[in-house]
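A.B. asks: In case you want the letters, here they are:
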Amino acid sequence: NAGVTQTPKFQVLKTGQSMTLQCAQDMNHNSMYWYRQDPGMGLRLIYYSASEGTTDKGEVPNGYNVSRLNKREFSLRLESAAPSQTSVYFCASSRLTEAFFGQGTRLTVV
Amino acid sequence: RKEVEQDPGPFNVPEGATVAFNCTYSNSASQSFFWYRQDCRKEPKLLMSVYSSGNEDGRFTAQLNRASQYISLLIRDSKLSDSATYLCVVNSASPGFQKLVFGTGTRLLVSP
Numbered sequence: 001n002a003g004v005t006q007t008p009k010f011q012v013l014k015t016g017q018s019m020t021l022q023c024a025q026d027m028n029h030n031s032m033y034w035y036r037q038d039p040g041m042g043l044r045l046i047y048y049s050a051s052e053g054t055t056d057k058g059e060v061p062n063g064y065n066v067s068r069l070n071k072r073e074f075s076l077r078l079e080s081a082a083p084s085q086t087s088v089y090f091c092a093s094s095r096l097t098e099a100f101f102g103q104g105t106r107l108t109v110v
Numbered sequence: 111r112k113e114v115e116q117d118p119g120p121f122n123v124p125e126g127a128t129v130a131f132n133c134t135y136s137n138s139a140s141q142s143f144f145w146y147r148q149d150c151r152k153e154p155k156l157l158m159s160v161y162s163s164g165n166e167d168g169r170f171t172a173q174l175n176r177a178s179q180y181i182s183l184l185i186r187d188s189k190l191s192d193s194a195t196y197l198c199v200v201n202s203a204s205p206g207f208q209k210l211v212f213g214t215g216t217r218l219l220v221s222p
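Chains as they are written, first to last, in this note's numbering: chain S, 1 to 110; chain X, 111 to 222.
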């Protein structure tokens, strides 16, 4: 029973590098989300997808792009990483009530 | 103004104490409300939903006041294992879809 799976768990990038964070859920949920969590800032919504084929900006979308590849997968791409994107990234999915989170990706941009 | 506001704490309490957390939200159209728990360096997990009539789950009681746009969580008989950060969460989107907005969390430290 995997739930929400995120990869990678840890990543160090140099400024200007690009990377994609992967997220997959096996609960047949329609809605998926990407959050970042920074000390003192709480969880902030980057992008969300209400259903397959749709994506919308959240509170802090600048510097990120997303793809809802299919119902299961929702990826987050950093095209040109910046030190300000050092954070813990969480993917989540939900149907009607409870949201389930992945274990997080700890990203450091140097 | 943040959409969901919480006192960051930390709240330091002895085992067996009763502790209460409060949370306010700004979007009067918010549809549903939750408390999540997050342990250090782990993902958030649902603790309980919050209903207008108030609801209880063992030692935990949640209350919602829509008129004041206020949510509370009461923990009775605190255990060491209750030490965590408690996140107030509001669904600010239409029914049937969740756009979850998180507070910054309130940290609880329960000591022996």
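Since the hints were made in silico from the structure, they are not lab data.
Mixed in with the good hints there might be a few duds.
[Said to hold, decoys possible] Straight-line alpha carbon distances no greater than 25 Å define the calculated PhoX-like cross-link-like pairs of lysine-lysine that follow:
id, chain 1, residue 1, chain 2, residue 2
1, S, Lys71, X, Lys209
2, S, Lys71, S, Lys14
3, S, Lys57, X, Lys189
4, X, Lys152, X, Lys112
5, S, Lys9, X, Lys155
6, X, Lys152, X, Lys189
7, X, Lys152, S, Lys9
8, X, Lys209, S, Lys57
9, X, Lys112, X, Lys155
10, X, Lys155, S, Lys71
11, X, Lys209, X, Lys155
[Claimed, not checked] Computed beta-carbon distance windows for the label pairs:
id, chain 1, residue 1, chain 2, residue 2, range
12, X, Ala139, S, Met27, 38 to 44 Å
13, S, Lys9, X, Asn165, 31 to 37 Å
14, S, Ser18, X, Ser162, 42 to 48 Å
Only a predicted model underlies this, so the values are computations on that prediction, with no experimental measurement involved.
Glycine included, every Cβ here is placed at the ideal spot set by N, Cα and C.
A.B. asks: Now tell me, hint by hint, if it's right for this structure.
C.D. replies: Each hint tested on the structure:
no., hint, verdict
1, S:Lys71 with X:Lys209, "holds, 17 Å"
2, S:Lys71 with S:Lys14, "violated, 32 Å"
3, S:Lys57 with X:Lys189, "violated, 40 Å"
4, X:Lys152 with X:Lys112, "holds, 24 Å"
5, S:Lys9 with X:Lys155, "holds, 18 Å"
6, X:Lys152 with X:Lys189, "holds, 19 Å"
7, X:Lys152 with S:Lys9, "holds, 12 Å"
8, X:Lys209 with S:Lys57, "holds, 11 Å"
9, X:Lys112 with X:Lys155, "holds, 22 Å"
10, X:Lys155 with S:Lys71, "holds, 22 Å"
11, X:Lys209 with X:Lys155, "holds, 16 Å"
12, X:Ala139 with S:Met27: 38 to 44 Å, "violated, 27 Å"
13, S:Lys9 with X:Asn165: 31 to 37 Å, "holds, 35 Å"
14, S:Ser18 with X:Ser162: 42 to 48 Å, "holds, 46 Å"
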